[in-house]
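Following the hints, put chain B in place on chain A, whose structure we already have.
Protein chains: 2
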Amino acid sequence: MFPDADYSGRLDRARALMDERDADVMLLSVGADLPYFAGYEAMPLERLTMLVVPKDAGAVLVVPRLEAPRIALRGGAFEVWPWDELDDPVGVVARHAGKADLALIGEQTWSRFLLELQRTMHRTRFESASAVTRQLRMRKDAAEIELLRAAAAATDRVVAALDGVAFGGRTERDLAAEVQRLVMAEGHDIASFAIIASGPNAASPHHEPTDRMIEEGDTVVVDFGGRWHGYCSDTTRTFVVGEPSPEIAAAHSVLEAAQAAGRAAVRPGATGEDVDAAARKVIDAAGYGDHFIHRTGHGIGLEVHEHPYIVAGNSEPLEAGMTFSIEPGIYLPGRFGMRIEDIVACSTDGIDELNRSPRTLHEVS
Amino acid sequence: MFPDADYSGRLDRARALMDERDADVMLLSVGADLPYFAGYEAMPLERLTMLVVPKDAGAVLVVPRLEAPRIALRGGAFEVWPWDELDDPVGVVARHAGKADLALIGEQTWSRFLLELQRTMHRTRFESASAVTRQLRMRKDAAEIELLRAAAAATDRVVAALDGVAFGGRTERDLAAEVQRLVMAEGHDIASFAIIASGPNAASPHHEPTDRMIEEGDTVVVDFGGRWHGYCSDTTRTFVVGEPSPEIAAAHSVLEAAQAAGRAAVRPGATGEDVDAAARKVIDAAGYGDHFIHRTGHGIGLEVHEHPYIVAGNSEPLEAGMTFSIEPGIYLPGRFGMRIEDIVACSTDGIDELNRSPRTLHEVS
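Residue numbers (my numbering), protein chains in the order written: chain A, 1 to 365; chain B, 1 to 365.
If you're looking for bench data, these hints aren't it; they were derived computationally from the structure. Honestly, I wouldn't trust all of these hints.
[Unchecked claim] Pairwise CB distance ranges (calculated):
id	chain 1	residue 1	chain 2	residue 2	range
1	B	D174	A	V80	25 to 33 Å
2	B	R123	A	S315	29 to 37 Å
3	A	R335	B	A185	33 to 41 Å
4	B	V165	A	A250	28 to 36 Å
5	B	A142	A	D284	51 to 59 Å
6	A	G289	B	A68	15 to 23 Å
7	B	K99	A	L45	34 to 42 Å
8	A	A161	B	P246	48 to 56 Å
9	B	P358	A	R21	57 to 65 Å
10	B	P317	A	L45	23 to 31 Å
[Stated by the list, open to error] Here are some of the chain B residues that sit facing chain A, going by a computed Cβ distance under 8 Å:
id	residue
11	L45
12	E67
13	L73
14	I105
15	W110
16	S111
17	T120
18	M121
19	T124
20	E127
21	S204
22	E208
23	R212
24	R295
25	G313
26	S315
[Claimed, not checked] According to the in silico footprint, chain B covers these stretches of chain A (three or more CB under 8 Å from chain B):
id	region
27	11 to 20
28	58 to 67
29	314 to 324
As the structure is a computational prediction, the values presented were derived from the model and not from experiment. Here a beta-carbon is modelled for each residue, glycine too, at the ideal position from N, C-alpha and C.
Bound conformation, chain A alone (with noise of 0.2 Å):
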């Protein structure tokens, strides 16, 4: 699934974080570490899965035997290490980590193998591994840029054929389900989520796809995304089921309007609470400032979500390579929501829009 890439190299630069915060090893498990540094996913099942990568030593992915020939060996960038059902894999971890003062751990790792190495490893101090992957994995490359394009061309052209379809008289059940079926027609490896909330439960951001039946007047916040060799999709936009009543069209346009915003505040310097400011500025100054209960969007790359975050207090810098969403909502409790969620990449001089399809109210029938 993963393409590949300079795992070697990707290694090195995470050796050289290490070495500035005095990390004798870092230790990676289920979630995106083991992907973007080893091209290979972990199964988040109890046989535990470790890639460990010593200051100063090669790196070392410890598996449970029966995974190992899944394994594609990278060009040398790490050994392969299998364990057998009747060994003990922290044992393990811990001989191939040697003597450690700190160790980094990633940042799914479960709490169960944490606690264990913890025990094994009494004299070695653990920090989170973020300090390091997020560094190097919220800088995307341009093989990275391309795959999210990619990702994010394929929802387009999902949203483009659902403005083709019936949404009245149809379940949010049945339309999640379909578009499902979209996403992996236009080449996905998964179509991980979709959100279908319409009328009242549109004013939930995280719906769950109910049996609840879609009437004439509804707005339908329609947020799916999948995975596309390894990199993720994730779009939203929101449709109507025929005339949208003034007061819906008047807060799309608000929507509209601040979502605009927050596209043109991105620049390299620009930082993810000024992103998230401009946004939730139009919002506010319409009056619906209670309405916007979410921030304005999360980095994305071989995770749906991960660094930068596009929200207050986040002070950190935009740089170009830096991927993200921008996806300001409002949300009437017990009435209607909607959401514009676009991915973008910060540029050299601005911003470089990954999804493109129409950011307007979408009537359908």
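Then chain B, alone, in the frame of chain A:
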């Protein structure tokens, strides 16, 4: 997705086990613990969701505010405490946990949150909550067994449908997509996985489907499952395209006998290691011992792999209500592979077989 259950009773039983272990509080997050105790599944994302279960006070579900509308209150088994985008959720959890000498933490909780909790609650010792959660979760009640039975019956219908499907000339990937369509058509909520491993690929137990074209004479291991009202299905049958070679037919007869021996060993008081040994003995005696490279099975319920494990070294006695897989396999590297997997329940006087499709080698065109 999760049916109603006696969540208050489950929390009370957990508190009794916490009391035996002198634990002051239990902290549960991603994975199947929240579904079991609160009928709610946390999104595995960077915003913390955590059920705080103090030994001597009411349980509190700490959730991101934008998830709160999705939560069913489950008869007041717990309170909901939404946190806002700019709050510190670890601080909120620590306040609800109160002064604690010993905290138990859900085994799949992200290490990032455990490290933050250890820093915030620096006088508290942390241990895995597994000691409590496994004791409850591995003993299914009658309603849970009926859900697992319904999930298994749906996968048996998929096997019956596959008997009429042409395998030859199709890719593994294409057949995997068809299996997942059939699983959804039989009413599952999610088609979680479909291993289609053909010809020499069948010798890799956790093979991922490729573009390999399935050929005449291949064995094809079809291992698939999903979730049905939250409960998992997981079954494997081995197919052969055309007539099996005498060697393949003979090896599959050995495997059928081994799998039957595993089932025959199930009864209250037998151990996971007894069941493993019963199946393994048949394969060893036939000379294939080096080619059965994994344990015989795993528990199943809200998670596809959970306690009890059917493996050498597990000497805990089985009890009525425990549910698990029996899935011996024979794998000849570079040549072929085969596996037969059923989900079964230990009953008061032996075994309750949840999967019932024919365990023979399935001949297809």
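- [ ] Hint by hint, work out which the structure violates, then give me just those numbers in ascending order.
- [x] Checked against the structure, the hints that fail are numbers 4, 13, 17, 18, 19, 23, 26, 27, 29, while the rest are satisfied.
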